[in-house]
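Peer 1: If you want the building blocks of each chain, they are given just below.
There are 4 protein chains.
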Amino acid sequence: MKVHTLGGYEEVGRNMTAVETNGETVIFDMGYEMEEVIGADGEVNEMTTNDTLETGAIPKDKSIMNNDVRAIVIGHGHLDHVGAIPKLAGAYDCPILCTPYTKKIVEKQIEDDRKNIDNPVIAVEKGDEYNISDNLDLEFMHVNHSIPQATLSLLKTPEGDVVYGNDMKIDRSPVGEKTTDTKRLKRAGEEGIKLMIPGTTRVDDEGRCRSEASVAVELEDVLQSCYDAGGAVILSTFSSQISRLKSVIEANDGQRKIAFVGRSLKEYTKAAEELDLIDLSDVEVVSYFNECKELMDKVDGARDEWLVVATGNQGEPGAQLDKIASQTYPFKFREGDHVIFSSQVIPTPLTQANRYSLEKKMKEQGVRLYKDIHTSGHAKKEDHRDFIDFMQPENIVPSHGNIQKLGSYVELAREEGYSLEEDVFIGENGRTIEIE
Amino acid sequence: MKVHTLGGYEEVGRNMTAVETNGETVIFDMGYEMEEVIGADGEVNEMTTNDTLETGAIPKDKSIMNNDVRAIVIGHGHLDHVGAIPKLAGAYDCPILCTPYTKKIVEKQIEDDRKNIDNPVIAVEKGDEYNISDNLDLEFMHVNHSIPQATLSLLKTPEGDVVYGNDMKIDRSPVGEKTTDTKRLKRAGEEGIKLMIPGTTRVDDEGRCRSEASVAVELEDVLQSCYDAGGAVILSTFSSQISRLKSVIEANDGQRKIAFVGRSLKEYTKAAEELDLIDLSDVEVVSYFNECKELMDKVDGARDEWLVVATGNQGEPGAQLDKIASQTYPFKFREGDHVIFSSQVIPTPLTQANRYSLEKKMKEQGVRLYKDIHTSGHAKKEDHRDFIDFMQPENIVPSHGNIQKLGSYVELAREEGYSLEEDVFIGENGRTIEIE
Amino acid sequence: MKVHTLGGYEEVGRNMTAVETNGETVIFDMGYEMEEVIGADGEVNEMTTNDTLETGAIPKDKSIMNNDVRAIVIGHGHLDHVGAIPKLAGAYDCPILCTPYTKKIVEKQIEDDRKNIDNPVIAVEKGDEYNISDNLDLEFMHVNHSIPQATLSLLKTPEGDVVYGNDMKIDRSPVGEKTTDTKRLKRAGEEGIKLMIPGTTRVDDEGRCRSEASVAVELEDVLQSCYDAGGAVILSTFSSQISRLKSVIEANDGQRKIAFVGRSLKEYTKAAEELDLIDLSDVEVVSYFNECKELMDKVDGARDEWLVVATGNQGEPGAQLDKIASQTYPFKFREGDHVIFSSQVIPTPLTQANRYSLEKKMKEQGVRLYKDIHTSGHAKKEDHRDFIDFMQPENIVPSHGNIQKLGSYVELAREEGYSLEEDVFIGENGRTIEIE
Amino acid sequence: MKVHTLGGYEEVGRNMTAVETNGETVIFDMGYEMEEVIGADGEVNEMTTNDTLETGAIPKDKSIMNNDVRAIVIGHGHLDHVGAIPKLAGAYDCPILCTPYTKKIVEKQIEDDRKNIDNPVIAVEKGDEYNISDNLDLEFMHVNHSIPQATLSLLKTPEGDVVYGNDMKIDRSPVGEKTTDTKRLKRAGEEGIKLMIPGTTRVDDEGRCRSEASVAVELEDVLQSCYDAGGAVILSTFSSQISRLKSVIEANDGQRKIAFVGRSLKEYTKAAEELDLIDLSDVEVVSYFNECKELMDKVDGARDEWLVVATGNQGEPGAQLDKIASQTYPFKFREGDHVIFSSQVIPTPLTQANRYSLEKKMKEQGVRLYKDIHTSGHAKKEDHRDFIDFMQPENIVPSHGNIQKLGSYVELAREEGYSLEEDVFIGENGRTIEIE
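Residue numbers (the working numbering), protein chains in the order written: chain A, 1 to 436; chain B, 1 to 436; chain C, 1 to 436; chain D, 1 to 436.
The set of hints was computed from the structure by calculation and includes no laboratory data.
It is possible that part of the hints are untrue.
Since the list gives no way to pick out one identical chain from another, each pair is judged satisfied if it fits inside one copy or across any two copies.
Stated by the list, open to error - Keeping only pairs whose Cα atoms sit at most 27 angstroms apart, straight-line, the calculated DSSO-like set for lysine-lysine is:
no., residue 1, residue 2
1, K363, K186
2, K363, K60
3, K257, K270
4, K360, K62
5, K360, K60
6, K361, K60
7, K62, K361
8, K332, K60
9, K363, K62
Required output: the full structure, derived from the provided sequences and hints.
Peer 2: Now the structure itself:
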């Protein structure tokens, strides 16, 4: 069995791994590198594949171009997992497999790029077995993350089973979905796992990842404190974080009218609504400029009656929160208004500068800030240890991180008895690892 | 009105403030400086007042020695508020006033120091009005902190009302007690507050302090994950954190037998039980060496049946957790056992070194660690803003911090319209501030 | 004596302090707040005084508008000390006093703002005594900083001597200037100092500020290593750091041709040359676009023959270093070219983001980076203690920092026997402190 | 060729690497893990090899026990390179090769451990070629570090040349020794290097390592400032840092009498004196308790006449600086005395706590502190790049660091065209890497 570590092995982002066995290849994920996306957003859609490759924003897949690729398996709908599909998938004559919610995002990606991608996008429900070829079967196992229907993909091959999932957590008190299916994982382990490809984003953090329900309590406390104090209340979170948005609606408990403001909020929540993952019947969802303007005008005149959820939690210039703070709309912050960030700042200098500028602008207008009401979607050290314990994989290729992060996972694996380059391996973009 | 800022104005710890009005003086708090306590613990009890004064561990109160002191008011039972009573209270011919739970701690302090202190210790229930003198009345208003029956003290004087409370938070989802009585605070504000003396410990942290209920969810998640994985489970938290201990008992939900191990755990929880603040009927509480040894022997033989709560969360050498990790008892950690720290490391180099050594010892024995399952007991920036908004004090003297922390509070006060040395003041140990 | 703390008491930047004695007032410094300058640079010149006041970029001087102001004394030529002159000085009918090099900068400031400022700008040599009025005399005492001819201003008044100097260091191995005149300072101390107004920028740093000569050795080592390796060498430092530029010329020692590229480099070095503070006879100084273009074209063709010193060490978009990295000129970086930052990144998120972007751009082109070859121009803790020891001032009002920094200075002053609000005071923009 | 990565591949410390070629093996270094040494110092000497192995303080060398080991090559005299010799060398029937200064340290190590080690210790001068066997030749090439006579070892084998050196820097302005012999390195490169084994300690730091001469200027500035202020002056640095001690003597320039106080200072400097590496004729060197006591008594009575250099710069309890601060000797610090740390705190919690306690003790006695007058002995990123450029090794196995540090070196190697597990490898204690 060969593992082609194509992207996400020297950075967080642009995930792409290909597993080759018996002459057949399956690709896992095709993502963007997040940092390159910031600032270059609009224009990337216009760029050719070759130009995009040169920017370093998408994985270099030349080494598997001539492989017999049978499927592109997408674990979940975040951009660092689906963002390169419009550029790269067309070169492979095979279907794209993913869960129904992810399918909606993949289709939107393809549509936005106005590209002639004709790979069929096939929705596979969790727990179903999908027959890729005579030799290959796929099952999406249920795990938690920070977007609906994230999966741990189980690929059955003649050489043994492969488990791929580089963004996941075990949430024992999730909101609006079930806990990670640890029984299924243990059963997979009992049947024998040849290879596991986990992510490493939070492997340096000791302990376990906090649950969504624990955050929901905090969110409710803060929201109630804002309502008690009075004034406008604006909240921002990641648009694909549907569980969080459900917690917000629940915490509001009918006390104020709710509006979702912004294009990505609309796209991700509408897609979720179509699959009955969220109830938007009491939410006003707006995205076009005039809609937003009209809505914020109403809020300005009745600031104690609205809870506004807006895009732009990273301080992105031009996103709704920035527009609101810059008085693009007929809405002005007043002393004592509230802005809640149900998110965490992505720790890159550019994002930190954006958030700093946004917060400065808001503070100067007298806004009270509530930050980091949030939990990660990524397994921490003891969660990762559980994944190893549950599935006892023969080999591990950690992914989704720079070499230091991959190394931190190796340290954990050593504690569990693995040895470097014997049964735990460090990838490199472009490296091919042979698994015996 | 004169404010004598005697202790806790150049450090976190050894709190002591005296308010003088119309020839009468009331003292608020008499505490230790925490760092001096570490390491010197046992011996401090043997030292004379003068020797202790020289170490810098207790406030220098010479400047008010000849005042007509009418009462010593203790806000809550933490050592940095009560620890200097055995050394200093005897010099004042007046009662010590505090809530019933604090009374138990104060009496223990006096007893442990084997000193001839004969100040009466009087328990005053929250909400009751206590008549200190013809001119002075005291009421304990309810606030949340991290120990039972913490208060915001309201002293009514002919020159106006004084509010003192330098360790408090607003917990909107507390465990085992009510939310801070914001209505009472607002009413106090309406009646007019001449002077407020708040603490500054967390004023630099934006937003609000997280609730105990939010931590309880996290605690339950982690505890359940340990039970699912199996093995010994040992948890450590602050012994006076009765709410947290209640959350632990509740999270356990009868799944394992519970033992509380250690002297301070016994003292604080037994005192709480006597006041019906916690139910220990299903908890085995041990403190003497042989009791602990016997208990840990039992745990060693039935590690899946016990949840042990032990003292020593800061890694204090000689505390129970350190004893257990050092194999003082007939108990040995095995690969996969669990230790949960429901606390935060106090950020001083000595404590950090202690914790580091303890964790290293445990990791080498294969223990899985879960850390920082915790929330602070201190108001953060927006909570502090609320206290100002609720009570609209004419003057503020922030306390309980070094000059940088006091300065941070001044920055907040400026945002609320106060000006330095006009109506917000920076204290200094030994300074007397005149309030007009 | 009254001290009006007008600017620089809640931030680093926009310094302005007025000392009032016997009905006469002297203003010290009129500066910008640095952060507001970033980004708003070009436009500030077009703004009215009132508009600028509203941005918060310049000090609010309303409270002394009707005072009898006799002189505006400028300590040195940095923007946070001279930047507000074009906006504010015109309101006062008095001369601006400064050293010859500072005079050149002040005149440039006024000229650039195209304002009708008619205050005479008078150059006073260090050591000379300038008669401001019958009662007031001024002497500039020599200290080191990071710009030529920085001073500690000694104002002699009937109520006692005032020493003002909020940017200074003691450099025992300076480059191109003398060591701080400690004998003069001690003599001033012996004659009695009523009030000292020091800066606080580095008071939190223990020890002493490193010397320019020590940096010069490091600079020479790095430069030589670049020459040995070959390739283009570009260096960037603060344009007003004339000592550093002298060290660069000396370290080069005729090995390569030197070019200074950029407007501010030209202005500051040409002003220095006119006063014989630097010898530019072997340096090609260019600033207009076509000059720069032509120069960089030459460098591109002979990269081993040139040492280019360019503006833009903070990564400012549009500055020369950014232009070069963005291939604005006919010059392309090659693998192995060198860029030396003889400076430190100003620790604000916006600057950090700019530098991050610039460095990323250069690394992608294969440039080798050498950073932080630098020392501060500010006294550290033990230097500050020396200033107190030398002059033994009766009263101190620390300036040039937020309240935490001012507080740190108070901590130092306490160690030297001062007490808060007795003889060491914390200013606030707009506060008036009475000195008895 | 096989590389056995035995120690120092999962930590900084206990370095040991064995290179096997054509049936012959050469061992490079046999060191302690520093952290285990702290606190366990005295007792380690009493422990058996097996007991020491179990503590994790020395490398596990079982896998090469039956190899035909021809030589143990020691790069320099620091404990993490020589500390395990008394425990491990006896098992190999071969000589220990090192430079003359290192030889003295190795012999002291063996003597202190009272072990029956009979490996001959052979001094080889830099530049000489030593014939290990018919097939193997060794040459020590000159590099800079932070101890005299540090080397880059060049082992000539039939399969190609091996270069080992995991603690080194390029100092272009060294003190008391020559600059790294870059010509020799380049020549080695031209002759072809099969394998390079560099250290990684500072590879994460951008730029170049600062020179000793640059520190010497800073040291002289600080020392002079102390002399000018008057009072006792005590300095502490690493005892093996002979260059630094030479700078101290030079900076003192006969102004005060100099004493070196402490056992390790005596050992390292006396060894250096015997090889004419330092002139101690004007230095009083004391180490026995009574000698130290007498000396400090003299200093107490004539504090303006002495410069004391004492051991204990890391705050080690019981070292001379701690003894002095604890008033073990008839010497008391007075307000305004000076302590200079010409070193950096090793960033582990235990060391930080020691230093914190020591500094606290001294500050309470009024001592003025000067810290971090220091440069590292380790190559930084661009120095490492130079080593690669000079020698162009076919393969690289970075050493002396945890997996994250080794990974950082791999990132650098990638920039220079290497690929993971093709020509740059990540070791693991116990791993054997095959080089083709």
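Peer 1: Each hint needs a verdict: does it hold in this structure or not?
Peer 2: Against the structure, the hints come out as follows:
With identical chains, the CA atoms of K363 and K186 are at most 27 angstroms apart between copies only, with a shortest distance of 26 angstroms across copies and 50 angstroms within one. For a Cα distance limit of 27 angstroms, the shortest separation of K363 from K60 across copies, 20 angstroms, qualifies, whereas the shortest one inside one copy, 44 angstroms, does not. In this assembly of identical chains, the alpha carbons of K257 and K270 lie at most 27 angstroms apart only when taken from the same copy (18 angstroms versus 48 angstroms across copies). In this homomeric assembly, K360 and K62 come within 27 angstroms of each other (Cα to Cα) only across copies, at 25 angstroms, whereas the closest approach inside a single copy is 45 angstroms.
Taking identical chains as interchangeable, the C-alpha atoms of K360 and K60 lie at most 27 angstroms apart only when they sit on different chains, with a minimum of 20 angstroms there against 40 angstroms within one chain. Proximity of K361 and K60 under a CA criterion of 27 angstroms is satisfied inter-copy only: 20 angstroms between copies versus 40 angstroms inside one chain copy. Proximity of K62 to K361 under the C-alpha cut-off of 27 angstroms is restricted to the inter-copy arrangement: shortest distance 25 angstroms between copies versus 46 angstroms within a copy. In this assembly of identical chains, the alpha carbons of K332 and K60 lie at most 27 angstroms apart only when taken from different copies (25 angstroms versus 47 angstroms within one copy).
In this assembly of identical chains, K363 and K62 lie within 27 angstroms of each other by CA distance solely across copies; the values are 24 angstroms between and 49 angstroms within a copy.
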